[in-house]
Amino acid sequence: MRVCLVLPFLGPLSMFIKRRITKLVNKFYPLVDLKIIHKRGRTIGSLFPYKDRFPLKCNSYVVYKTECEACGSSATYVGKTINTIYERFHGSNGHLHPSSTSMALLEHLAANVTPNCEFIIDIKILDTCAGDLKLRFAKSMHLKHNKQTLNTQERSIPLKII
Numbered sequence: 057m058r059v060c061l062v063l064p065f066l067g068p069l070s071m072f073i074k075r076r077i078t079k080l081v082n083k084f085y086p087l088v089d090l091k092i093i094h095k096r097g098r099t100i101g102s103l104f105p106y107k108d109r110f111p112l113k114c115n116s117y118v119v120y121k122t123e124c125e126a127c128g129s130s131a132t133y134v135g136k137t138i139n140t141i142y143e144r145f146h147g148s149n150g151h152l153h154p155s156s157t158s159m160a161l162l163e164h165l166a167a168n169v170t171p172n173c174e175f176i177i178d179i180k181i182l183d184t185c186a187g188d189l190k191l192r193f194a195k196s197m198h199l200k201h202n203k204q205t206l207n208t209q210e211r212s213i214p215l216k217i218i
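When you read off a place in the sequence shown, starting at 1, and then add 56, the result is the number in the numbering used here.
Hints may contain errors.
Across the chosen pairs, the derived CB separations fall in these ranges [said to hold, decoys possible]: (1) GLY147 x ILE181: 16 to 24 Å; (2) LYS180 x TYR106: 23 to 31 Å; (3) ASN202 x HIS146: 18 to 26 Å; (4) ASP108 x LEU66: 31 to 39 Å; (5) GLY187 x VAL62: 39 to 47 Å; (6) PHE104 x THR184: 19 to 27 Å; (7) SER102 x GLU125: 35 to 43 Å; (8) LEU112 x ARG75: 49 to 57 Å; (9) GLY97 x VAL59: 19 to 27 Å; (10) ILE181 x GLY67: 40 to 48 Å; (11) CYS114 x LEU90: 51 to 59 Å.
Derived DSSO-like pairs: lysine-lysine, alpha-carbon spacing no greater than 27 Å straight-line [to be verified]: (12) LYS190 x LYS107; (13) LYS200 x LYS121; (14) LYS91 x LYS79; (15) LYS190 x LYS180; (16) LYS180 x LYS107; (17) LYS74 x LYS95; (18) LYS190 x LYS200; (19) LYS180 x LYS200; (20) LYS95 x LYS79; (21) LYS121 x LYS107; (22) LYS107 x LYS95; (23) LYS180 x LYS113; (24) LYS95 x LYS83.
None of these hints come from the bench; they were simulated from the model. Even glycine gets a Cβ: it sits at the ideal position worked out from N, Cα and C.
Please work from the sequences and hints to get the whole structure.
What follows is the structure in structure tokens.
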């Protein structure tokens, strides 16, 4: 019978312990084929992430969902962007820019004149993708499965099952 035993690696002490355990097992259990494997333990580097995380507003190539903080889930919008989220909302053609052509969020803000109505507060990233076509498929799937009220389109790209 083969038995594997995983122990942390502790330098020269590990080799000493391996010899002692192997001798004891061979003496009392001669039919057992013991394999001792040493595994490197935690290091300081494994306790800290190597890369810093970007703030939410710096993410790009994402499908996002935003809800009006005052209205809740009754006013949601699902969108996609290849630019950063900050640029999508505040850039020259962004959702919240006065000269924007994407009017769903601005119309909601104008209809609800309350100063508490802000979309930028509650943005959730639903998906990330490597390219625009994949983003369009992901957005279409989220539009189909997540009920939203402010999107004027039903899908970003036709979804067909072959």
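Verification of the supplied hints:
1. GLY147 x ILE181: 16 to 24 Å: Because 18 Å falls inside the window, the suggested range holds.
2. LYS180 x TYR106: 23 to 31 Å: Given a distance of about 26 Å, which is inside 23 to 31 Å, the answer is holds.
3. ASN202 x HIS146: 18 to 26 Å: 24 Å Cβ-Cβ, so the 18 to 26 Å window holds.
4. ASP108 x LEU66: 31 to 39 Å: At roughly 32 Å between Cβ atoms, LEU66 and ASP108 fall inside 31 to 39 Å, so the hint holds.
5. GLY187 x VAL62: 39 to 47 Å: Roughly 42 Å apart at Cβ, these two residues keep to the hinted range, so it holds.
6. PHE104 x THR184: 19 to 27 Å: holds, 23 Å
7. SER102 x GLU125: 35 to 43 Å: For GLU125 against SER102, whose Cβ atoms are near 39 Å apart, the range 35 to 43 Å holds.
8. LEU112 x ARG75: 49 to 57 Å: holds, 54 Å
9. GLY97 x VAL59: 19 to 27 Å: holds, 22 Å
10. ILE181 x GLY67: 40 to 48 Å: holds, 44 Å
11. CYS114 x LEU90: 51 to 59 Å: Taking Cβ atoms as reference, CYS114 and LEU90 lie about 52 Å apart, which means the hint holds.
12. LYS190 x LYS107: holds, 25 Å
13. LYS200 x LYS121: holds, 13 Å
14. LYS91 x LYS79: holds, 12 Å
15. LYS190 x LYS180: Holds: LYS190 and LYS180 sit about 18 Å apart, inside 27 Å.
16. LYS180 x LYS107: At roughly 21 Å apart (the allowed maximum being 27 Å), LYS107 and LYS180 satisfy the hint.
17. LYS74 x LYS95: Within the cut-off at roughly 13 Å; holds.
18. LYS190 x LYS200: Answer holds: LYS190 to LYS200 is near 15 Å, not above 27 Å.
19. LYS180 x LYS200: With a Cα-Cα distance of about 17 Å, the restraint between LYS180 and LYS200 holds, given a limit of 27 Å.
20. LYS95 x LYS79: Given pair LYS95, LYS79 holds - Cα atoms ~21 Å apart, limit 27 Å.
21. LYS121 x LYS107: With a Cα-Cα distance of about 26 Å, the restraint between LYS121 and LYS107 holds, given a limit of 27 Å.
22. LYS107 x LYS95: holds, 25 Å
23. LYS180 x LYS113: Holds, at roughly 11 Å.
24. LYS95 x LYS83: It holds: about 25 Å lies between the C-alpha atoms, which stays within 27 Å.
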